[in-house]
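Chemist: For the record, the sequence lines run as chains A and B.
At the far end of the first sequence sits residue 347, using our numbering, and the numbering has no gaps.
At the far end of the second sequence sits residue 320, using our numbering, and the numbering has no gaps.
Hints in this document: simulated from the structure, not taken from any laboratory.
Careful, some of the hints might be misleading.
Some chain A residues close to chain B (C-beta under 8 Å, calculated; not the full set) [to be verified]:
1) Ala90
2) Arg299
3) Val304
4) Tyr321
5) Val330
6) Ala343
Note that the Cβ used here is the ideal one computed from N, Cα and C, for glycine as well.
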Amino acid sequence: MSICSEWDKIDPREYRGIWAYLEVEDGVLGEGGLQMLGVARNLASQKDTYVGGVLIGKGVSSLAREAIYYGADKVFIADDEKFEEYYAALYAEALASLAKEHKPEVILVSGTMRGREFTPYVANTLRTGITADCTSFEVDPAVKDVLGVRPTFGAYLIAHIRTLNRRPAIFTARPNVFPTPERNPAREGEIIHTQPKVADGYGVKLVNKKRFSRGTVPIEKAKILVSGGKGLGSRDGFTILQEFAKVIGGEISGSRKAVDAGWITHDKQVGQTGKTVRSDLYFAVGISGAVQHLYGIREARCVVAINKDPDAPIFDNCDYGLIGDYTEVIPALIKAVKKLQARKTE
Amino acid sequence: MDIVVCIKWVPNTTSVNIDQKTGTLIRSGVPSVINPHDLHALEIALTLKDRFGGSVTAITMAPPSAKLGLEHAIGMGCDRAILLTDMVYAGADTLATSYTLAKTISKLKFDLILVGQETVDSSTAHIGAQVASWLHIPYLYYVVDVNYLGDGKIWAKRLLEDAYEEYELTLPALLAAAMHSTHPRRVKLSYKLRCKSEQIIEVWSNKTLGLEANCVGLKGSPTIVRKTSFVPEVPRKKIVCKPKDVEQAAEWLIKRLIEERLLKI
Ligand SMILES: Cc1cc2nc3c(=O)[nH]c(=O)nc-3n(C[C@H](O)[C@H](O)[C@H](O)COP(=O)(O)OP(=O)(O)OC[C@H]3O[C@@H](n4cnc5c(N)ncnc54)[C@H](O)[C@@H]3O)c2cc1C
Ligand SMILES: Cc1cc2nc3c(=O)[nH]c(=O)nc-3n(C[C@H](O)[C@H](O)[C@H](O)COP(=O)(O)OP(=O)(O)OC[C@H]3O[C@@H](n4cnc5c(N)ncnc54)[C@H](O)[C@@H]3O)c2cc1C
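Start from the sequences and build out the full structure, keeping to the hints where you can.
Modeler: Listed below in structure tokens is the structure:
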């Protein structure tokens, strides 16, 4: 079979091992990469192969043991001055160079902002397939390839995507969908120091960086979320939700329509084109329950719906539902909490 | 500065309906639009042209109906538009799509390429990085502001979850525009009318580009859909009531959530 002349010929059978890219955030292993180690372990045991962790940066060698504790059998480390600052093409070429040398069958990268930026470049450099934003993985029983599962446009239907004949097969995964594996300090593994081939410069330079605090817990980390939709009617609706969130120790989030209306910022959007949340409690207030929204709350433990329309689809997808106008229900909930708090302190 | 903007012609997601039984999209009668992110890419490009001169060319790889989208781009002020359309380009994944776009761009004179961050239909956010990779040029995602520094350099600012970052990039470079980064300008009728009088929208087929059939469309795409299935339903309790006494119901619910250890007060 002839292939595109821009692609080098490879033998897929030479590729073994499931790799997880480990992003380093403020000197520690990021949650996303740990989640990928969990996925990798599962796939590796089905495929009877090893789990590789990849660490790129300056001074990252000290994190290798942690990577092993979380599930890596081999840790590939590119610890060098030149990786002090993250640049997409630089990190991408480093990872691609390691993959060329060590030939993993699969590379998993958490779809963080950086992950989404540099992974497609890795795939392109290797002339291989990349599947975006996967929410589950499986080993195909017939062909034995790893498939990445991702939503299609509607989010009802999901596509199981395979990379045919090219290796490594590359996948980004939706952050927060997969649990963080247990840390086991008794685990052992191999640490491999590497020197990936990269260019001297990539024509891009960071000249300024300003950190800011949004002053709130990011919604993907919140234990309790009070989420508002178009049914709030106006931005003021969020003031009431904020008050409720405050008394129960939660954060606010919203539907895409609430974001599009400008009532709340996009980093707080829940759903297919927003975030997946894993809160214990999720209040959906004035949210109809469109599939793309429900997609983001699959991992929430308990969903409470408040909507004035008894036929709203959210009521088929909640644990508790109160049919009513939120301007009455939310103040009643606030009152109930305050009453119980007062009783407790008496 | 000569700028190329990549735009995708996508179904208008605000008017898409989903067949609740089959889970498929009801596409019939759904109008298409320029991918919303790409309007921001266009706006950034046109603002740079307003300030520093040069030209803006819009390109799309799509079926012939996407000509309407290119007319919109011309109406916003683009100087030239190219529709890449050929049966051999059909069924492309992002590797093949980015290859076709990159090969097209390399036939044009350009200093800067702008793309949208991602699309609303398949939203992989791959294309920007992949086009940059084919062309070996610097690139940056999540861009909200751009300035030309002269001397073959641009400044770009991007917004991350918890930081603003500013970069200098050597031209030619590629930038992916974040949503909500600008207020995209409206179409001017006088601009749009040029589509009627001039040959301003060019249609390129693979005769024009002459790409190997193995590198484009389905053949140039390593990813394939193995199968599709339905999203499994999450089991929920579905205890729903319409309370006569809201306060009583609220108190019952809060107590219940405390009992289930979901809430602490
Ligand atoms: C490709 C694609 C991706 C998408 N991604 C996302 C995503 O990531 N996240 C997302 O949320 N959506 C997403 N959507 C949009 C989604 O389809 C819905 O349009 C959206 O979720 C609806 O938002 P909503 O529930 O706030 O508004 P609506 O559907 O308009 O619902 C408002 C609800 O409020 C109720 N209501 C009105 N007044 C009151 C009141 N006073 N008290 C109580 N209830 C009241 C109404 O009964 C109604 O049920 C996506 C769509 C597409 C096509
Ligand atoms: C449900 C679904 C899932 C898919 N999943 C994958 C996948 O995981 N991996 C994969 O390789 N392919 C996938 N595809 C195929 C992919 O959608 C196409 O290759 C598509 O042409 C480009 O991808 P995108 O829309 O995600 O673009 P993105 O990468 O999200 O687009 C970013 C920007 O690139 C520009 N751009 C994108 N497409 C064009 C175009 N045709 N013409 C001009 N500019 C453009 C626009 O500026 C756009 O804003 C999927 C398709 C569907 C329908």
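Chemist: Please go over all the hints and tell whether each is borne out by the structure.
Modeler: Against the structure, the hints:
1. Ala90: For A:Ala90, the interface hint holds, since the closest Cβ of chain B sits about 7 Å away, which is under 8 Å.
2. Arg299: At 5 Å from the nearest chain B Cβ, A:Arg299 passes the 8 Å test, so the hint holds.
3. Val304: 6 Å, holds
4. Tyr321: 5 Å, holds
5. Val330: Holds: closest Cβ of chain B sits about 6 Å from A:Val330, inside 8 Å.
6. Ala343: For A:Ala343, the interface hint is violated, since the closest Cβ of chain B sits about 10 Å away, which is over 8 Å.
The earlier numbered hint that this structure contradicts is number 6, and it is the only one.
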